[in-house]
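Given next are the chains, with one letter for each unit.
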Amino acid sequence: MIETIGLGRNYDGKVAVEDLNLKVNDGEVFGLLGPNGAGKTTTIRMLCCLIGQTSGTAYVNGFEINKEPDASSIRSVVGLLPESPGLYESLSATRNLDFYAQLYGVPKDKREKRIEELLRMLELWDRREEPIATYSKGMKQKIAIARAFVHNPQIVFLDEPTAGLDPAASVTVREFLLQLSGEGRTIFINSHHLDEVERLCDRTAIMNRTVLAAGSPKELTSRFWGRTTVIELSDSPERFVDAVRGIEGASKARVEGGKIMIDLDDPEKRNPAIVDALTRAGAKVEYVSELKRSLEDVYLKLVGGGQR
Amino acid sequence: MNFDRVMAVTRKDFAEFRKNKYILMTLIVMPLILSIVLPMIYISVINSVGTQSTGEVHLNITVTINYEGVSLSNITLADARLERVNMTNCVLTSCIVGNSTVTRSVLTSVDISNTSIQDCLIFNSRLASVQDDGGNYIRGSFYVGGNDQAKQLRDILFNLLLLWLILIPVMIPTVTASYSFVGEKTNRSLEPLLATPISDFELLVGKSASIFLISIGATWMAFLIAAGVVDLLVSPELGSHPLPNAYWLLGMVLLAPGMCLMSILANVLISSKVSDVRVSQQIGGVLVMPIILFFILSMTGVLASGLLPLFLVSMLVFAIDAAILWISLRIFRREEILVKWK
Numbered sequence: 001m002i003e004t005i006g007l008g009r010n011y012d013g014k015v016a017v018e019d020l021n022l023k024v025n026d027g028e029v030f031g032l033l034g035p036n037g038a039g040k041t042t043t044i045r046m047l048c049c050l051i052g053q054t055s056g057t058a059y060v061n062g063f064e065i066n067k068e069p070d071a072s073s074i075r076s077v078v079g080l081l082p083e084s085p086g087l088y089e090s091l092s093a094t095r096n097l098d099f100y101a102q103l104y105g106v107p108k109d110k111r112e113k114r115i116e117e118l119l120r121m122l123e124l125w126d127r128r129e130e131p132i133a134t135y136s137k138g139m140k141q142k143i144a145i146a147r148a149f150v151h152n153p154q155i156v157f158l159d160e161p162t163a164g165l166d167p168a169a170s171v172t173v174r175e176f177l178l179q180l181s182g183e184g185r186t187i188f189i190n191s192h193h194l195d196e197v198e199r200l201c202d203r204t205a206i207m208n209r210t211v212l213a214a215g216s217p218k219e220l221t222s223r224f225w226g227r228t229t230v231i232e233l234s235d236s237p238e239r240f241v242d243a244v245r246g247i248e249g250a251s252k253a254r255v256e257g258g259k260i261m262i263d264l265d266d267p268e269k270r271n272p273a274i275v276d277a278l279t280r281a282g283a284k285v286e287y288v289s290e291l292k293r294s295l296e297d298v299y300l301k302l303v304g305g306g307q308r
Numbered sequence: 001m002n003f004d005r006v007m008a009v010t011r012k013d014f015a016e017f018r019k020n021k022y023i024l025m026t027l028i029v030m031p032l033i034l035s036i037v038l039p040m041i042y043i044s045v046i047n048s049v050g051t052q053s054t055g056e057v058h059l060n061i062t063v064t065i066n067y068e069g070v071s072l073s074n075i076t077l078a079d080a081r082l083e084r085v086n087m088t089n090c091v092l093t094s095c096i097v098g099n100s101t102v103t104r105s106v107l108t109s110v111d112i113s114n115t116s117i118q119d120c121l122i123f124n125s126r127l128a129s130v131q132d133d134g135g136n137y138i139r140g141s142f143y144v145g146g147n148d149q150a151k152q153l154r155d156i157l158f159n160l161l162l163l164w165l166i167l168i169p170v171m172i173p174t175v176t177a178s179y180s181f182v183g184e185k186t187n188r189s190l191e192p193l194l195a196t197p198i199s200d201f202e203l204l205v206g207k208s209a210s211i212f213l214i215s216i217g218a219t220w221m222a223f224l225i226a227a228g229v230v231d232l233l234v235s236p237e238l239g240s241h242p243l244p245n246a247y248w249l250l251g252m253v254l255l256a257p258g259m260c261l262m263s264i265l266a267n268v269l270i271s272s273k274v275s276d277v278r279v280s281q282q283i284g285g286v287l288v289m290p291i292i293l294f295f296i297l298s299m300t301g302v303l304a305s306g307l308l309p310l311f312l313v314s315m316l317v318f319a320i321d322a323a324i325l326w327i328s329l330r331i332f333r334r335e336e337i338l339v340k341w342k
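From first to last, the protein sequence lines stand for chains P and R. Per my numbering, residue 1 is the first one in the first sequence, and the count goes up by one each step. Per my numbering, residue 1 is the first one in the second sequence, and the count goes up by one each step.
Keep in mind the hints are simulated off the structure, nothing from the lab. A hint or two may mislead.
[Said to hold, decoys possible] Computed beta-carbon distance windows for the label pairs: (1) 336/R x 152/P: 55 to 65 Å; (2) 326/R x 125/P: 41 to 51 Å; (3) 107/P x 326/R: 52 to 62 Å; (4) 105/P x 245/R: 52 to 62 Å; (5) 218/P x 326/R: 55 to 65 Å; (6) 7/R x 121/P: 55 to 65 Å; (7) 226/P x 339/R: 40 to 50 Å; (8) 184/P x 323/R: 12 to 22 Å.
Yeah, the Cβ is synthetic: ideal placement off N, Cα and C, and Gly gets one too.
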């Protein structure tokens, strides 16, 4: 489990992260969203004990960050994909992964097996002995992700795992992550790719120096907008909108884009009464659906254009 | 300290060095040039002095004063003729000496005949029927009375050559260390590396070990080649192979590793503070200048005179190494490296 308590970090007096309070459960895929400069990378670096905090504290797998001997224990149980792959270009994929597996103390037989497993999963086994310098950007990123998983860590931090990749490479990386997330470990993803976070993560937090909101994508949308039923009629909706006003549990009935929109506390329970009211008023209902709010809507509502 | 992690870093760096043409060139070309060219120049300079034999010296002496059948000590003489004179602690210039004994004196442009000489230094002089205390003639005007003295002078000259070759273990790390540390920074590989359980000390030791082993390997190879070149050049005259002697062996085993470590640690210190390989090399080059200067100054002093001074200086070098390591460990901040790299 990862828990941050009032975590903060300044760089020469400039606030990068302040009063960050987060909780990530074991086995959860957690996404940290935010604009450039929101403090996402700083947060990961603090949690990996690469840099110290200037206020607050955090616990990773029960160990307190930046406090020996806890910091060493944290480094042993986490894997990190930094913003840049940072691979040794003149060495092969096998040599790169083997080096890191050795640093994490993985026994020779286990690391050979693990490296083969990861490279086969990434479809890079046939190119395992070629220098990294000959790899494409997407392939390098895959190797860097494999490096974060080479010692079977309990917690993996991924900083922008698909940044700078073409769509095909992004899909491959996402599939790979989905495969690895199924192994019951905690994965912490930094990203500003909303779609990626929505697809991969169980829960997410949106931050801009501090946490603005946290929860599952569904929880976040319902928290900010509630649930909205959309009804399309064959006739002009303006004529029938008054018929649904005053129904219990319904609020803000309005016409938007030629459709009736009604904010409801419980659509599954209220929708039959609404349809009935409209039918009785003479309207011909063509279809009833729920307005889908995306994480992007939440993100834009919270962060807006206010990027630093 | 976890040795497996240290070894992993060392082996990884070795693998990278093997693929880096610039480092390979440095490891091969510089020691090769220094180990072949330097001894050749050095020996030819010694020979140019040593081959001024008795018969080839042309003297133009104008005698203005004569000494005969006297004893002289602690005196400086010029343009004098000395016959049957016992001289001790004298400095003679442009003199003619015959049927005399000279002890612990310096003779320059002197025509010497039928004279017994002991513990003297003679330059550009003509010698005829001259005997040292052992009755052996030692060629050339570059002469110190007594066989042991001559051997001692020759050994000092060989020792000085070793001190010149100390440039190799000092210079090689300026290239390898710069690549090793700043290379990690520019390659952006330091962040994932520092996120592993490896400690600062293990990382410093692992990286220093790879640089040290590769630098000292090239150094020893250069020393052996240089010794071979010297032997090849001087053995026809000496009838023996003087190198490597005990001084060289001690230099290779103690002084060269000590100096190599000093250079590595100094460069590590620089590398952890700069972000560019070339800047690191330039600063490293400047930093080793005092080290080189120290040795050039030492050449005129006692360092080349025997094993004990060499041993003591080597111990001093190791003490300085320990001090730099201590400072490095306090200055090496993983956070600073991560945050301040460009």
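Legend entry - C-beta pair residue 105/P, residue 245/R: status relative to the range 52 to 62 Å that was hinted: Once the Cβ atoms are compared, 47 Å apart, the range 52 to 62 Å for residue 245/R and residue 105/P is violated.
Inset, instruction - Kindly confirm whether 52 to 62 Å is satisfied by the beta carbon distance between residue 107/P and residue 326/R. - result: This hint is violated: roughly 35 Å between Cβ atoms.
Legend entry - Status of the given 55 to 65 Å range, CB of residue 326/R versus CB of residue 218/P: holds, 57 Å
Inset, instruction - Indicate whether the distance between the beta carbons of residue 184/P and residue 323/R respects the range 12 to 22 Å. - result: violated, 50 Å
Inset, instruction - Kindly confirm whether 55 to 65 Å is satisfied by the beta carbon distance between residue 336/R and residue 152/P. - result: For residue 336/R and residue 152/P the Cβ distance comes to about 31 Å; the hint is violated.
Legend entry - residue 125/P and residue 326/R - C-beta distance against the hinted 41 to 51 Å: holds, 46 Å
Legend entry - CB-CB spacing for residue 339/R and residue 226/P relative to the 40 to 50 Å hint: holds, 43 Å
Legend entry - Cβ distance range 55 to 65 Å for residue 7/R and residue 121/P, holds or violated: violated, 29 Å
In the structure shown, a violation is registered for the earlier hints numbered 1, 3, 4, 6, 8, in ascending order.
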